[in-house]
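Okay, here's what each chain looks like letter by letter:
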Amino acid sequence: MELFALITPMTLMLSTLGVIGGIIFGAIPGMTATMALAVFLPLTYALDLYQALALLIGLYVGGISGGLIPAVLLNIPGTPSSITTTFDGYPMTRKGESVRALKIGIVSSLFGGLISAVVLSVFAPALADLAIRFSYVEKFLIILFALTVIASISQGSMLVGLLSGSIGILLSLVGTYESNVGGNDHTRLIPEMLKPLLRNGFSLLPVLIGMFALAAIFSEAERGAEAGEHQKLDLSKSAKFKMSVFKGQIINVFRSGLIGTFVGLLPGVGGSAASVLSYTQAKNFSKKPENLGTGVPEGLIASETANNGLTGGALIPLVSLGIPGDSTTAVLIGAFTLQGVQLGPLFINGNPQAWNSMLSSLIFSNIAMFVLMFFAIKYFAKVVFVPKFILYPIIVVMCTVGAYAINYGIMFDVWTLLIFGLVAWVGCKIKLQIPPLLIGFILGRQLEVYFVKSLESFGTFTIFFTKSKIAWVLWLLILLSIAWSIMINYKHKPAISKNEESCGCEDE
Amino acid sequence: MPESSDFLSIIIDFDTSHLFFPKIMIGVIILLLLIIGIKELVTRLRNGSLKRDLKGFRFFEKNYNKIKLYGSIISVAVYFFLMDFVGGFFPNQGLGFLFTSIPFIFVMSFLLVGKDNFKKHRISILISSVVTPLFSWILFAKMFYITLP
Amino acid sequence: MKKGLIFLLCMLTVVGAVFAEGQKDDGQMLKGNLRIVIGSSSTGGDTYANSAIVAEKLAEELGMNVKVDATGVNGAFDALNRDSSGHTIMIFHDQSYLGYLYGREGYVNPFENYIIGPTVAINPGNAYLAPKGSPYNTIQDTIDAAGTGTRVRVAIQPGGVSEIGFSAMKNAVALMYPGMEDNMVAVNTGSQSDKNQLLFDGQADVINGSIQANEQYTHLDASDIKSMKFLWLTAKTATIAQANPEGYGETSRDELMKFVEPVLPNDFTFDKEFFVIYNKDMNPALVKYFDDALKNIFDAGEIQETQKKAFFIPNFRPSADAADYLESKMNAYEKIISSLK
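Residue numbers (my numbering), protein chains in the order written: chain A, 0 to 507; chain B, 877 to 1025; chain C, -1 to 339.
FYI, nobody ran anything at the bench for these hints, they're computed from the structure.
There could be a bad hint or two in this list.
List time: in silico DSBU-like cross-link candidates among lysine-lysine, alpha-carbon distance up to 35 angstroms [unchecked claim]:
| hint | chain 1 | residue 1 | chain 2 | residue 2 |
| --- | --- | --- | --- | --- |
| 1 | B | 938 | B | 996 |
| 2 | A | 430 | B | 915 |
| 3 | A | 430 | A | 241 |
| 4 | B | 995 | A | 381 |
| 5 | B | 991 | A | 430 |
| 6 | A | 241 | A | 286 |
| 7 | A | 377 | B | 915 |
| 8 | B | 1018 | A | 286 |
| 9 | A | 381 | B | 942 |
| 10 | C | 339 | C | 55 |
| 11 | C | 307 | C | 234 |
| 12 | C | 234 | B | 1018 |
| 13 | B | 995 | A | 490 |
| 14 | A | 381 | B | 915 |
| 15 | A | 194 | C | 278 |
| 16 | A | 241 | A | 381 |
| 17 | A | 381 | B | 996 |
| 18 | C | 333 | A | 194 |
| 19 | B | 1018 | A | 94 |
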């Protein structure tokens, strides 16, 4: 087959190497697939294009997948898109099912990756034409749709959930309204004297890991950092992973994989929206929606399938419009530039070899990721048993490296870690809900840009309803999703109010 | 149709557009705070539990561990501060990170494990406080050329 | 406990000795790691690509580790302000003074607050495009249309490199059709993808783009909603003339030349030039040190091949020449920008 003709031992080796590197970056809280690619990019100058692609795509797949390890084991999302993985992954760990959860996550990632690879190879040009029908208005609605997750993950009071989400959105707006996304480069919400520090706002990753990791460490310290119940469990006695867990989840797998791919192909909408959106839908379609968030495979599958589905999706605008689908694929453009290969609408037909090597690297990387991670799980899972007094300082140091490196060496990002660690720790005490706040924070800036730009160019609020048929469909989905969440919330009120005390960032 | 679109029409000046959405969000937050506040107040007044709930609110956990809590917050802050400060003497070498992480891990582990248990675990703490920073520094700063403080 | 502390100290000494100031003293002015911060936060953009090419050569020439960090404008200037030792330098392009001219927050006059280092390359790609079916075939057409009362909407990212060509168009309308310049309207947006999208949506008549990002769109069939045509390349004729004869993609150099230097009343051209920026207090001997290093690199002739392969035009000028040249360039653009205020 032509597709695999370009596979050489060298490309296989580079793919595998990439996947390993990617997993390491993904697994360290605060380090992302984007960073992994940026770090390895200079190495590719010495390689030819196909080898460079093998390495970089391996890093991409590994980086996206590695995020599930700390999400499941430590309740710290390794990458922003694994935030929803913590919702069900970590509760499973606390039940002593960490190995099972990791295996489910890995298999889901493989499915997601393969689904998106198939979609990419067959529909890339057609989907690119679909993608350009999403203007500011439709993208605003997609983000709004993803935000409906706030209604469905609110624990206890939905009003407080909405409040937390709104605070998250407001916090994300701090800093410059950047001109590279369409803003006017003025700053807002910061006092004059803090301008030099806060001009760029709070960076997503430090905020995320600050709120998950540091806050958890502080509240553990408050409680004396005793060994947790689940650290004493005997893993060999807990539920075993069986493929049968995917029985009845086939629709979930395909839905989530396709949602991931679809979100990936919309330039600018970004990776985190994919898993968030797919998690909401898993909850909406679930037979037992009240169980999601308590440690059921369903939620984990939705999240992990979607975030690997993203990979193929984000490559679609890259190869058919010359535009990156997310920040990671933006680095890939750099590799093409330096190799003197041009991306754009003529790329696929003009460079069939490069195109094929991208596809085969994507498929092979997913398989390599699966094999490597599946057999390494035994060792990863031991992390759970490391005593807290050893583990926590290490986590702080790793988060520090990640935070400092995320914008290539900005000290304020490290302070952000501490600030938001404290914000989440205090927030918990006054009953703010941390997951909705974070989701607001993650999606806030895009919500703003698409909303304000739509109004700026059309001058009327009616545009959100009259722009296109796509807009109508999205409105319908948004309304259904909200109605559904309210209904679920209402129906299962007693079951949920039991958990009212837990607020997402706490450990035990 | 024309009337309704006039009512809903809006002109956003590009030069002030950075304030448009933050204002909306502040409005939404105030509105939600009011609704939640009134709702909570009404339920409390109705069942007469206002006083008790106010008194009963406790910020810290019962018998919270002051030393561990404040100790870890302060040691993280000091760590961040010193890292940047020390790093200034060795531009772009990442040595600020290396030299401050070692005592930080040691101090933080010591805090968390507590004085009484420290003896039992001192070897593993010592190993972790030297090996972790050293390993990450070699891996990130030396192999991957990631800029560290 | 004591044993542990001794062990710890030993480890530190060993590490310090092995890695800290690693090399022997052999007359190098700088040792250790050189960090190049860039004014872009993207590792996929032209600033990064150009800096990476320079960094690779500098690493060989200076015998140092050289790392390019995509910190973005503010992060880059902050990092530069903090380190005057020469271990941190910046590479950026005309945006550094255009941002100041357009009055953007966070920009200062680079000629007063920093030392301007050598120029290294030009990205000749800055372009203005319209849909293939558009009535406008040249930039003159858009000026005439605006001058005779038609609104011409141009999608740009305001406040810098993307706006300067638009300012020139507006200025040209003002010069040829006084009072009509307000018909040339900026549609403010962000990335290339956003600009393209506005064109596809019919929300803009002309967009700012680049040869690199948009050339393939110009080969699409006119019936394709995505098809575009070049109206104008802002680079100088002399700049494009240095490109490889194959041009870029499927457009040869001769074809590209057709869109260069239309007769505008203000004789405007814009070459996006990359240059080095140093901390104001950096040792002047280091300025010469870097100048010499780059001169050696360009004399060797290899870097030019790499630059051309990535569609950059090599353009080395030592620090002092570069500062004079760029300052007079800034003054010329200042006239155009202030005439529109």
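We went through each hint and held it up to the structure:
1. Taken as a hint, the residue 938/B and residue 996/B pair is honoured in the structure, with Cα atoms around 28 angstroms apart against an allowance of 35 angstroms.
2. Under the criterion of a C-alpha separation no larger than 35 angstroms, the hint pairing residue 430/A with residue 915/B is consistent with the structure, at around 15 angstroms.
3. As the CA atoms of residue 430/A and residue 241/A are separated by approximately 38 angstroms, the hinted pair breaks the 35 angstroms bound.
4. Between residue 995/B and residue 381/A, the direct Cα distance comes to roughly 24 angstroms. Compliance with the 35 angstroms bound is thereby established for this hinted pair.
5. For a cut-off of 35 angstroms, the pair hint linking residue 991/B to residue 430/A stands: about 33 angstroms separates their Cα positions.
6. Of the supplied pair hints, the one linking residue 241/A and residue 286/A holds, its CA atoms being roughly 21 angstroms apart against a limit of 35 angstroms.
7. Of the supplied pair hints, the one linking residue 377/A and residue 915/B is violated, its CA atoms being roughly 50 angstroms apart against a limit of 35 angstroms.
8. The hinted pair formed by residue 1018/B and residue 286/A fails the criterion: a straight-line CA distance of about 51 angstroms is larger than 35 angstroms.
9. Note on residue 381/A and residue 942/B: the hinted pairing holds, with a Cα-Cα distance of about 30 angstroms set against a maximum of 35 angstroms.
10. Taken as a hint, the residue 339/C and residue 55/C pair is broken in the structure, with Cα atoms around 43 angstroms apart against an allowance of 35 angstroms.
11. For the suggested pair residue 307/C and residue 234/C, the alpha carbons sit about 20 angstroms apart, so the restraint of at most 35 angstroms is met.
12. Pair hint residue 234/C plus residue 1018/B does not hold up; C-alpha atoms about 43 angstroms apart against a cutoff of 35 angstroms.
13. Of the supplied pair hints, the one linking residue 995/B and residue 490/A is violated, its CA atoms being roughly 53 angstroms apart against a limit of 35 angstroms.
14. A C-alpha spacing of about 47 angstroms is found between residue 381/A and residue 915/B, which places the hinted pair above 35 angstroms, so the restraint is violated.
15. At most 35 angstroms may separate the alpha-carbon atoms for a hinted pair to count; residue 194/A and residue 278/C meet this at roughly 22 angstroms.
16. This hinted pair checks out: residue 241/A and residue 381/A have alpha carbons roughly 20 angstroms apart, not beyond 35 angstroms.
17. The hinted pair formed by residue 381/A and residue 996/B meets the criterion: a straight-line CA distance of about 21 angstroms does not exceed 35 angstroms.
18. In summary, the hint linking residue 333/C to residue 194/A is supported, as the alpha carbons are separated by about 30 angstroms, within the 35 angstroms threshold.
19. Taking the CA atoms of residue 1018/B and residue 94/A, the gap is about 40 angstroms. The hint is violated against a cut of 35 angstroms.
The structure is inconsistent with the numbered hints 3, 7, 8, 10, 12, 13, 14, 19, although it conforms to all the rest.
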